[in-house]
Amino acid sequence: MLRSTTERSPGVLAPAAVAAGGALAAVLLGTAFVTVTPIPGLLSPGDGVRFGLPVAKATLNLAGVATIAFLLTPLLGGPDRWRRCAVLSSALWFVAALVALCLHTAELRPGRTLDLSAVATFATTVTTGQALLGVLACLVLLLACTVLGVRKPGAVPAELRLILAFATLVPLPVTGHSEASAAHGVTTPMLLVHVVAAAGWLGGLFAVLLGLSADRKSIETTLPKFSMIATGALAASAVTGVVLALIQLLNSRFGLAGLVTTQYGQLCLAKAACLGAAACLGAHIRFRLLPAISAGVGSAVARWATAELGLLGFAFGLGTALARTPVGG
262 MLRSTTERSP GVLAPAAVAA GGALAAVLLG TAFVTVTPIP GLLSPGDGVR FGLPVAKATL
322 NLAGVATIAF LLTPLLGGPD RWRRCAVLSS ALWFVAALVA LCLHTAELRP GRTLDLSAVA
382 TFATTVTTGQ ALLGVLACLV LLLACTVLGV RKPGAVPAEL RLILAFATLV PLPVTGHSEA
442 SAAHGVTTPM LLVHVVAAAG WLGGLFAVLL GLSADRKSIE TTLPKFSMIA TGALAASAVT
502 GVVLALIQLL NSRFGLAGLV TTQYGQLCLA KAACLGAAAC LGAHIRFRLL PAISAGVGSA
562 VARWATAELG LLGFAFGLGT ALARTPVGG
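In my numbering, the protein residues as written are 262 to 590.
Because the hints were derived from the structure by calculation, they are not lab data.
Treat each hint with caution, since some may be false.
[Stated by the list, open to error] Calculated pairs, EDC-like style, for lysine to aspartate or glutamate (alpha carbon to alpha carbon, straight line, at most 20 Å):
id, residue 1, residue 2
1, K486, E420
2, K413, D341
3, K486, D341
Work out the full structure: start from the sequences and follow the hints.
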């Protein structure tokens, strides 16, 4: 039986905790799942870097998605106060990127002292470091724009801040598997579409919940808008994700069998299962609850959307672990 919108919704903290908890649990489980074979004669960076770096990158991704949600909420008809939170999430995004840069440097220099000179050298000479440097530069600009947007509303268009947040997602995906692939001319743009679509899906869903927490009646306008965005984001994320995984496996010595015989393939299947389950929850909201909005289903939508958010967060965490997993791993 559908319940009234007068019931208590999960608020803001519960969905945020569910998404963050899911992502962090997934990245830790995914990292532990992958076997690390020591190379004779080479020092290992240690478990602190092995687990700390994926956690830092998962935090970086979550902060980026949260920033997108806070900037998107007013555009979907939600209150302007969430723009203040965008300042905090952008700052967290910056700190996480800086920590990731330091941990990447430590990973490349096991057993040696980490100093500013080493970090600067990594940031200017290694592709991943250059990408993180680009992220940090974008975040300085984004922070300035979000602070200015709070102090002088209208000084920086909300759409421009949102575009800048999405642009900040771009540098990192071009490193890693897509860069190393023989078909990087195809895989790199596809990975960018995959990342942006996934961030739009998760960030948009969180934005809907932010609006719902402030005004339960807002669901009548925000959910139909987001439903269209989510459908496109789901299609783009699913298609690009499948194609990217197939390209990586077909270009390896394992072929399609690697989907079940390698740890990379198994993580791909786990991530696909999470996204498929999230899509089913989204379909339930759209086709079962959306038509009954006028009957008052705000609390029911919030609960189902929070569950979807948790699955997407878990998929994000698996994606972070997957990005560091060798295709033959």
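Results for each hint:
1. For the given pair, K486 sits about 16 Å from E420 by alpha-carbon distance, which is consistent with the 20 Å threshold.
2. Restraint check for K413 and D341: satisfied, since their Cα atoms lie roughly 12 Å apart, inside the 20 Å limit.
3. The straight-line distance between the Cα atoms of K486 and D341 is roughly 18 Å, inside the 20 Å bound, and the hint therefore holds.
Against the hints set out earlier in the document, no violation occurs for any number.
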